[in-house]
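Respectively, the protein sequence lines represent chains A and B.
For the first sequence, position 8 (counting from the first letter as 1) is numbered 0 according to my numbering, and the numbering increases by one without interruption.
For the second sequence, position 205 (counting from the first letter as 1) is numbered 197 according to my numbering, and the numbering increases by one without interruption.
Because the hints were derived from the structure by calculation, they are not lab data.
Mixed in with the good hints there might be a few duds.
[Stated by the list, open to error] Straight-line Cα separation of at most 20 angstroms, EDC-like style, residue types lysine to aspartate or glutamate; simulated pairs:
no.: 1; chain 1: A; residue 1: Lys10; chain 2: A; residue 2: Asp0
no.: 2; chain 1: B; residue 1: Lys10; chain 2: B; residue 2: Asp0
no.: 3; chain 1: A; residue 1: Lys10; chain 2: B; residue 2: Glu163
no.: 4; chain 1: A; residue 1: Lys10; chain 2: A; residue 2: Glu208
no.: 5; chain 1: A; residue 1: Lys10; chain 2: B; residue 2: Asp136
no.: 6; chain 1: B; residue 1: Lys10; chain 2: A; residue 2: Asp0
no.: 7; chain 1: B; residue 1: Lys10; chain 2: B; residue 2: Asp136
no.: 8; chain 1: B; residue 1: Lys10; chain 2: A; residue 2: Asp136
[Stated by the list, open to error] Just a few of them, taken from the derived set where beta-carbon distance is under 8 angstroms, the chain B residues facing chain A:
no.: 9; residue: Gly117
no.: 10; residue: Gly121
no.: 11; residue: Met127
no.: 12; residue: Ile132
no.: 13; residue: Asp157
no.: 14; residue: Phe158
[Said to hold, decoys possible] What follows is a list of derived Cβ distance ranges for each label pair:
no.: 15; chain 1: B; residue 1: Lys10; chain 2: A; residue 2: Leu69; range: 36 to 44 angstroms
no.: 16; chain 1: B; residue 1: Arg171; chain 2: A; residue 2: Glu91; range: 36 to 44 angstroms
no.: 17; chain 1: B; residue 1: Gly14; chain 2: A; residue 2: Glu222; range: 39 to 47 angstroms
no.: 18; chain 1: A; residue 1: Gly210; chain 2: B; residue 2: Asp57; range: 25 to 33 angstroms
Ideal placement from N, C-alpha and C gives every residue a C-beta, glycine not left out.
Number of protein chains: 2
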Amino acid sequence: MSPPVVVDTIQELREQLKARAGTGRVGLVPTMGALHAGHERLLDRAAAGCSIVAVSIFVNPLQFDREADLRQYPRTLEADVATCARHGVDLVFAPAPREMYPREQACTIEVGRLADHLCGRFRPGHFQGVATVVMKLLQIVRPDAAYFGEKDAQQLAIVRRLAADFNVPVEIVGVPTVREPDGLALSSRNVHLRGAERALAPALYAALLEARRLIEAGVIEAAVIRQAAESRIPVDDLLRLEYLEVVEPDEMQPVAQVRGTVLVAGALWVGATRLIDNILCRPLEGKV
Amino acid sequence: MSPPVVVDTIQELREQLKARAGTGRVGLVPTMGALHAGHERLLDRAAAGCSIVAVSIFVNPLQFDREADLRQYPRTLEADVATCARHGVDLVFAPAPREMYPREQACTIEVGRLADHLCGRFRPGHFQGVATVVMKLLQIVRPDAAYFGEKDAQQLAIVRRLAADFNVPVEIVGVPTVREPDGLALSSRNVHLRGAERALAPALYAALLEARRLIEAGVIEAAVIRQAAESRIPVDDLLRLEYLEVVEPDEMQPVAQVRGTVLVAGALWVGATRLIDNILCRPLEGKV
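The shape of chain A in the complex, shown without the other chains (with noise of 0.2 angstroms):
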């Protein structure tokens, strides 16, 4: 397998692009790098559905709405193109900023009340910012299909959105999210969790799965499937959890009572990285 070709610029992705057309499937993996296990399923699902694959590697400033989160967020190109290497990623666009975006961007993507709860509402412009770039590597690669992972669920619903909004005629597939044996989901920011910080780190999907636990035994409403859920997170000075909602999947909008799948979705502050996890829960039947 040969590695990957590795460019900066939209013109020289474009004329790789281009030498390559007509010679099958194009699938396009964003990512912002430090790529983990996660990542590397999103690459192999693209790999099965495509012949060409192309991985964006772009820590995109449009979405962060803390500077320090952005400063710190970790970047390992070198490591991140021998991953690719290894899963047959065919082209690697790891752009600098100022290619992406050479002047104020002054047309953005607004996507509405998607963005209003959940992650949205307490990241004012993430979501706006992660919609604006999709659209840019859309129409920079034009890909047959876009992979995203469903652990940024959200995200997923959106981009979803903004495809179907905007008519691209892009197949946007969500992969499952792959977790550490104690079920805390894979992420790239799971690298700055100290020890303690590491050991209490999985108690957000526990909470999931409670969550789970009840609407699969039947319980609808949606404030006593929370509190149940938050009971599993620890009392510790070390977790604070930001949200966790109940919402339907589409439009992420919070429901009282569960009549049919749900997504459970939270955010739990862990010493001082944020770190988030969903689970898709349908009700058993004939219990709704």
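Starting from the structure of chain A, add chain B where the hints point.
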């Protein structure tokens, strides 16, 4: 010359485009119908530059800030198709609102500061609606070039910025305004002008010409230029000047002094009809 194929669904349009793929450049002329000689200039320009010309005819509800304006906007599909046939158009895409907006458009384009002045200031949401539908049409048709009239100068500037900001691989072509012998810019809304109104309507262009005369004579103070131009609008109960501004031509920001090429743009209410027009003005060499 064979008549155009007329379709009203996105799927049919894409099939028609796919059947013609690889046979040459695709040009898109987005319109709201009620085609006049100004549009015909767009069609001819597209036909000159492209081997496949698609015309969209869609009165876009998203860009109307006044319900009455949307309701009264002239709709003349049969005549429009005949006009397209005379100008060698290959495809006419005339979707119903439900085809373009099958559900609430959650994601929209925010256009930022380019919409802060001129029409954007007086028509809240208008350019967001324009940019949104243009982005949709660019994704549906994926043209190599798209053609817009210079009469709508702010719209043209926003569409150029939209394509650049989102890296849409399309050439945006501006086509000069077509005028009646007395200077009135052609517009689909001119059909609403009654006798006395029609006689007064060229006042807007006369005002713009006066602004250009001053600028070419070396006047640089925008306030002076505006005042002189506005004095060309007769005092009449039928006329109300909404704005007349001197702006730089890329980001549509007002200038206090003319230090290079500027756009002078105005909106004039003539009875119940709102007309817009503009003129690009270059100061004489050595005068700046």
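Right, here's what the structure says about each hint:
1. A/Lys10 x A/Asp0: holds (16 angstroms)
2. B/Lys10 x B/Asp0: Given that 20 angstroms is the threshold and the Cα spacing comes to 16 angstroms, the pair holds.
3. A/Lys10 x B/Glu163: The given pair, whose Cα atoms are some 18 angstroms apart, holds under the 20 angstroms limit.
4. A/Lys10 x A/Glu208: violated (50 angstroms)
5. A/Lys10 x B/Asp136: Distance of about 15 angstroms is within 20 angstroms: holds.
6. B/Lys10 x A/Asp0: Roughly 32 angstroms between the alpha carbons, so the hint for B/Lys10 and A/Asp0 is violated.
7. B/Lys10 x B/Asp136: With Cα atoms ~14 angstroms apart, B/Lys10 and B/Asp136 stay inside 20 angstroms; holds.
8. B/Lys10 x A/Asp136: Within the cut-off at roughly 15 angstroms; holds.
9. Gly117: This interface hint is violated because 11 angstroms lies over the 8 angstroms limit.
10. Gly121: Violated - the Cβ of B/Gly121 stays beyond 8 angstroms from chain A, reaching only about 12 angstroms at its closest.
11. Met127: Interface hint status for B/Met127: holds (5 angstroms vs cutoff 8 angstroms).
12. Ile132: holds (5 angstroms)
13. Asp157: Because about 4 angstroms separates B/Asp157 from the closest Cβ in chain A, which is inside the 8 angstroms limit, the hint holds.
14. Phe158: This hint holds: B/Phe158 lies near chain A, its Cβ roughly 5 angstroms from the closest one there, short of 8 angstroms.
15. B/Lys10 x A/Leu69: 36 to 44 angstroms: holds (38 angstroms)
16. B/Arg171 x A/Glu91: 36 to 44 angstroms: Hint holds: Cβ distance 42 angstroms, inside 36 to 44 angstroms.
17. B/Gly14 x A/Glu222: 39 to 47 angstroms: At roughly 58 angstroms between Cβ atoms, A/Glu222 and B/Gly14 fall outside 39 to 47 angstroms, so the hint is violated.
18. A/Gly210 x B/Asp57: 25 to 33 angstroms: violated (49 angstroms)
The structure fails hints 4, 6, 9, 10, 17, 18 (numbered hints given earlier, in ascending order).
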